[in-house]
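Q: If you read the sequences in order, they're chains A, B, C and D.
According to UniProt numbering, the first sequence is numbered sequentially starting from 1.
According to UniProt numbering, the second sequence is numbered sequentially starting from 1.
According to UniProt numbering, the third sequence is numbered sequentially starting from 1.
According to UniProt numbering, the fourth sequence is numbered sequentially starting from 1.
Hints may contain errors.
Remember, identical chains collapse to one label, so a pair may be satisfied in a single copy or spanning two.
[As the list claims (entries may be wrong)] Quick list of in silico lysine to any residue cross-link-like pairs, SDA-like style, CA-CA up to 20 Å:
id : residue 1 : residue 2
1  : K5        : R19
2  : K86       : Y272
3  : K73       : R174
4  : K73       : I99
5  : K64       : Q306
6  : K188      : K219
7  : K188      : G144
8  : K3        : K219
9  : K95       : T310
10 : K302      : D138
11 : K86       : T310
12 : K155      : E189
13 : K73       : D300
14 : K322      : V290
15 : K27       : I99
16 : K33       : E116
17 : K86       : I99
18 : K27       : G144
19 : K220      : E189
20 : K64       : D294
21 : K64       : K95
22 : K322      : S298
23 : K322      : I252
24 : K309      : D80
25 : K95       : E141
Everything labelled a hint here was simulated from the structure, so no lab data went into it.
Just so we're clear, the structure is a prediction, and the values are computed from it rather than from any experiment.
Number of protein chains: 4
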Amino acid sequence: MYKPKYSVILGNVGSCCDRYMSGGYSKSFKLEKLFDRVASIEHVEGVELVSNWHITTQNVQRIKDNLARTNLKAVSIIPDHFGEMKWGKGAFTSKDPSIRAEAVKVTKEMMDVAAEIGCDLVSLWPGQDGYDYPFQGDYIEERGWFEEGVKECCKYRRDIKVAIEYKIKEPRNRSYPSNVGTTLLMVKEIGEPNCGVTIDYGHAEVAYENVAESVAILKKYGDKLFHIHMNDNYGFWDDDMITGSIHTIPYIEFFYWLKRTGYQGWISTDQYPYREDGREAVNESVQWFVALMDIMNSMDEKEVEQVLKTGDACQATRMVRKYLLGR
Amino acid sequence: MYKPKYSVILGNVGSCCDRYMSGGYSKSFKLEKLFDRVASIEHVEGVELVSNWHITTQNVQRIKDNLARTNLKAVSIIPDHFGEMKWGKGAFTSKDPSIRAEAVKVTKEMMDVAAEIGCDLVSLWPGQDGYDYPFQGDYIEERGWFEEGVKECCKYRRDIKVAIEYKIKEPRNRSYPSNVGTTLLMVKEIGEPNCGVTIDYGHAEVAYENVAESVAILKKYGDKLFHIHMNDNYGFWDDDMITGSIHTIPYIEFFYWLKRTGYQGWISTDQYPYREDGREAVNESVQWFVALMDIMNSMDEKEVEQVLKTGDACQATRMVRKYLLGR
Amino acid sequence: MYKPKYSVILGNVGSCCDRYMSGGYSKSFKLEKLFDRVASIEHVEGVELVSNWHITTQNVQRIKDNLARTNLKAVSIIPDHFGEMKWGKGAFTSKDPSIRAEAVKVTKEMMDVAAEIGCDLVSLWPGQDGYDYPFQGDYIEERGWFEEGVKECCKYRRDIKVAIEYKIKEPRNRSYPSNVGTTLLMVKEIGEPNCGVTIDYGHAEVAYENVAESVAILKKYGDKLFHIHMNDNYGFWDDDMITGSIHTIPYIEFFYWLKRTGYQGWISTDQYPYREDGREAVNESVQWFVALMDIMNSMDEKEVEQVLKTGDACQATRMVRKYLLGR
Amino acid sequence: MYKPKYSVILGNVGSCCDRYMSGGYSKSFKLEKLFDRVASIEHVEGVELVSNWHITTQNVQRIKDNLARTNLKAVSIIPDHFGEMKWGKGAFTSKDPSIRAEAVKVTKEMMDVAAEIGCDLVSLWPGQDGYDYPFQGDYIEERGWFEEGVKECCKYRRDIKVAIEYKIKEPRNRSYPSNVGTTLLMVKEIGEPNCGVTIDYGHAEVAYENVAESVAILKKYGDKLFHIHMNDNYGFWDDDMITGSIHTIPYIEFFYWLKRTGYQGWISTDQYPYREDGREAVNESVQWFVALMDIMNSMDEKEVEQVLKTGDACQATRMVRKYLLGR
């Protein structure tokens, strides 16, 4: 039975804002309360932290205390390369070399902090690294800067993995690590063993990827799937909804390929429960994970292999229906 | 318990072509064989016919014989306004008045034929009525022609319903009856009691409609849902796949709103099984219909009402999970 | 020569935030400074105001002073139905009747304020009126609430027009006034002469509308185009970019249909210059408006009519190229 | 001045069909007439041929005669891996090893034929190599088969280049060479110097690529842009329209990056003029190419460099407007 470990990005159980409701859709919570809310969710064993929003070089002890108190494992740190004004026109690909240096520095700091809190992964989300308009970006030079910067981080300490989370757009209209292919090209160019990829389920969906296939691609070209973020959407935008609220079968196939490729990392929620209670919304996602993972695990492996060998669509839908609906 | 009747568009159990494989992905079947294949599918009681492809003014007796032999009900006729060279630049909205007249004539003929085979509906799919390029269409005049033409058909005989099936694009890059809103505006302008709308599930999806909501809209503004075509897709194109192969929950909500609004018409498959055996692919769709309809019927009506009253997303996902997965 | 009047939504020349950079991409400006920045842009004669963000019942005199000082006309007020926590789950369609009443009250107040500052239009953007998840909305009842609320506003005072701005999604995953068709159905149901529609160019694009056709539709079904918001995007999301930065020809056709249908209202910029200087970005849009409007005006009307009559795509592209590129 | 050579896919000046109008939107032309029609278009120096549709191992002399007569250069052959029934479930990735072998054999034959007609490129369009449904494809094994097959072709003769044309979908709902990234990963895995990529402008657009950036990516990771197909679309589907009919500025940036990266290959039209005269529609595209290429060539290189260095969107739009509209 395949049983990955589940974690939660800490802010998911808090309050969300958007460009119209910049003050937030609900009141915010203190750090301790956020930890308590995550810890209260059944099946969850880990927590993922965003720098500045949750963790800094200054509050490491407070984080360690919270981890100890709630018995949660620190799974990953996401360095803030997107939420401070200085990152507005790019972090690793800013036209300003001092900002690029700062992006590297912040990453290294968070690698050190990660080590300190017993976590072996930083997940980079270079949301501001891209462009918006024609004739705004030098696509070759800037891609080069990105690779140099991340390479320097990877070489800084080998005991911490550095995963790049891709997204086709938002906040930039066009991002450099846009989809599984362009990101893997960068990872190969960087060429460091501790450099890999974070799949965000929703980001992949919006890039019209079948996420199960993306898992296979990352396996095939270097075993580079390091981390996973989960959520759901309507296919056109990173709606960051409750996992399982819209899609069903695609998750089952996705989980199947995680099992088949032997993915051993964590699965974190990454959602924006604008109008929901965050703890409830995350709890819902986890309930769906567990239920859909159980369905996947109930599938006879030989039968799946057989269906894949034939490639017969009717056999495939019949098999899925049997395991999903019991008929 | 809500139990609509299921039917099949006759060609669905046959062979398909596309613009690259114009000769077809598989061998074609004789008319009799097509009827037999539909009749062999459990739960199916009706058949829908496309003129020229299956039915003409010349072969009515042959169709009647096949209906009698297979004990299938003729559910609807779709007049061919899309597959003959003369329709290439529009049928009801052709710039050529003689083509527009021909579109009306063909429709009236099929209304007569419908009556003759015991069927009370023609479903218009004006796939060529639209435009491709900027400065190609006079949007006001052509919309007017469409309404005039359909109105004339509706008035021709009141005992036959005339439903307009909308689609946002294909084969034209932009269609006049594009989505539920623009089509209902036309239906209201036509203003005939026997004029309504056919929802094709996949067409609505590609227009970013929540199809359950489209059902509600058609109820609210005149009770105009006359007919339903079913299939599945990935959200961006009319892939015409097996119903239930990609989406799950959206069908349950769709069926709920059919029940809630008292839809009494037929539900036809409308799929393009390019690489599948057509009969098998349709059978799969019907198996999914029945299973998902049963799930919808198992939902406690008061509970659904209660969830709708709160609008709480977590309650909604929890309720859906309970009925779908039993946990 | 067709020459509409140009205006600017006041906040467009200020600072923007998004869900990651909630503190804003740049420093904000004082109200007076915002007015000055708008007034400094050539060709701009009017300004559009968002309540709470720029105008309240309390600062009317200050606004009047600014209008007088800068010689700008107040073109429209957009009542805030989206940026305060109370609107998070809907304004006109909130499940809470007291919030619905509040949405009406705020609108009426802004109608009064509009009259006081010499402005004859409020443009409603009901961004929170929609839903996110299956089984969350009662689509019939909530649409009814929307119509009741807006109708009450329209009847409150006939000298102020009330325009509904549609958008297919964001901030809700699904909005009630989603596209030109569903919105016009609501406007017809409301049935008040001072009720109409605001087209936001980008919103219409994301709904896969050809905006020129949307103008024609609004003309055909009741002459209901009351106001226009302008921006540009890549087609999949409301990127709110500089007008003319991505699309070219579609604007020319759009302007042609404004002229042809005799649109006499204002054209406002509505953009989010996250990483640009707002005044510069708006100035760019206006320069494009003027240039593309001049191109449209240079087109020979008889020639356009002739091309529309033939519907010949090659003639259409040749004509466009001649006027756009002079060859 | 940058001046690439223009060519036409022979069938573009002929008749088109789609899944509804399988018999074609217009009458077809003889091979000789197709050549004449291409040759009659100013600025066009080359022709691209599809095997089976235009060229076979049997009619090489007839093709040579036509080339000689019309003074057109054979630019590329596209082996038919998509239009015969045997390819329906895949060519290089068919589950049937004899079909996979056939895909290789056909390619080698066309490489030989290419050499014979003085052409140094075959452009593979593996439209059937992909999948439609969940649990239908073994994504690792099938990608491996694809790479093996193409590698064998590349090694067969080094004097002929083998370019892979990517497309995110159609005719399969999901294609293996889906976008610039996944395709380049394959090309790198294949690892042959004569293996590269064909960009189809419209395919890239539908994958939400900025095609200018795709050119840069192919330059950066191995100088792998071998060939280009041109057309236009509305962004969501491979509409195969007249180049320049919808987009304007993106082509200028695309041409700029072709120049900047020193692309020396051909630019072929690849369009489906369903309802147009094919020769006229291709002629329109070429007129747009030439005009937009001239605009690109008129741009001051130092100025463009300077704008790219600042990354300032307003400077970028101002520069584009100056060169496009002269103001």
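Q: Indicate, hint by hint, whether the structure satisfies it.
A: Outcome of the hint check:
{"no.": "1", "hint": "K5 / R19", "result": "neither (33 Å within a copy, 28 Å between copies)"}
{"no.": "2", "hint": "K86 / Y272", "result": "between (24 Å within a copy, 18 Å between copies)"}
{"no.": "3", "hint": "K73 / R174", "result": "neither (34 Å within a copy, 37 Å between copies)"}
{"no.": "4", "hint": "K73 / I99", "result": "neither (32 Å within a copy, 42 Å between copies)"}
{"no.": "5", "hint": "K64 / Q306", "result": "neither (48 Å within a copy, 43 Å between copies)"}
{"no.": "6", "hint": "K188 / K219", "result": "both (13 Å within a copy, 16 Å between copies)"}
{"no.": "7", "hint": "K188 / G144", "result": "both (12 Å within a copy, 18 Å between copies)"}
{"no.": "8", "hint": "K3 / K219", "result": "within (19 Å within a copy, 42 Å between copies)"}
{"no.": "9", "hint": "K95 / T310", "result": "between (52 Å within a copy, 7 Å between copies)"}
{"no.": "10", "hint": "K302 / D138", "result": "between (50 Å within a copy, 14 Å between copies)"}
{"no.": "11", "hint": "K86 / T310", "result": "between (54 Å within a copy, 16 Å between copies)"}
{"no.": "12", "hint": "K155 / E189", "result": "within (14 Å within a copy, 25 Å between copies)"}
{"no.": "13", "hint": "K73 / D300", "result": "neither (32 Å within a copy, 40 Å between copies)"}
{"no.": "14", "hint": "K322 / V290", "result": "both (18 Å within a copy, 13 Å between copies)"}
{"no.": "15", "hint": "K27 / I99", "result": "between (33 Å within a copy, 19 Å between copies)"}
{"no.": "16", "hint": "K33 / E116", "result": "neither (22 Å within a copy, 48 Å between copies)"}
{"no.": "17", "hint": "K86 / I99", "result": "within (7 Å within a copy, 39 Å between copies)"}
{"no.": "18", "hint": "K27 / G144", "result": "neither (42 Å within a copy, 31 Å between copies)"}
{"no.": "19", "hint": "K220 / E189", "result": "both (16 Å within a copy, 10 Å between copies)"}
{"no.": "20", "hint": "K64 / D294", "result": "neither (33 Å within a copy, 50 Å between copies)"}
{"no.": "21", "hint": "K64 / K95", "result": "neither (36 Å within a copy, 42 Å between copies)"}
{"no.": "22", "hint": "K322 / S298", "result": "both (10 Å within a copy, 18 Å between copies)"}
{"no.": "23", "hint": "K322 / I252", "result": "both (13 Å within a copy, 17 Å between copies)"}
{"no.": "24", "hint": "K309 / D80", "result": "neither (45 Å within a copy, 25 Å between copies)"}
{"no.": "25", "hint": "K95 / E141", "result": "within (10 Å within a copy, 42 Å between copies)"}
Hints 1, 3, 4, 5, 13, 16, 18, 20, 21 and 24 from the list above are not met by this structure, while the remaining hints are.
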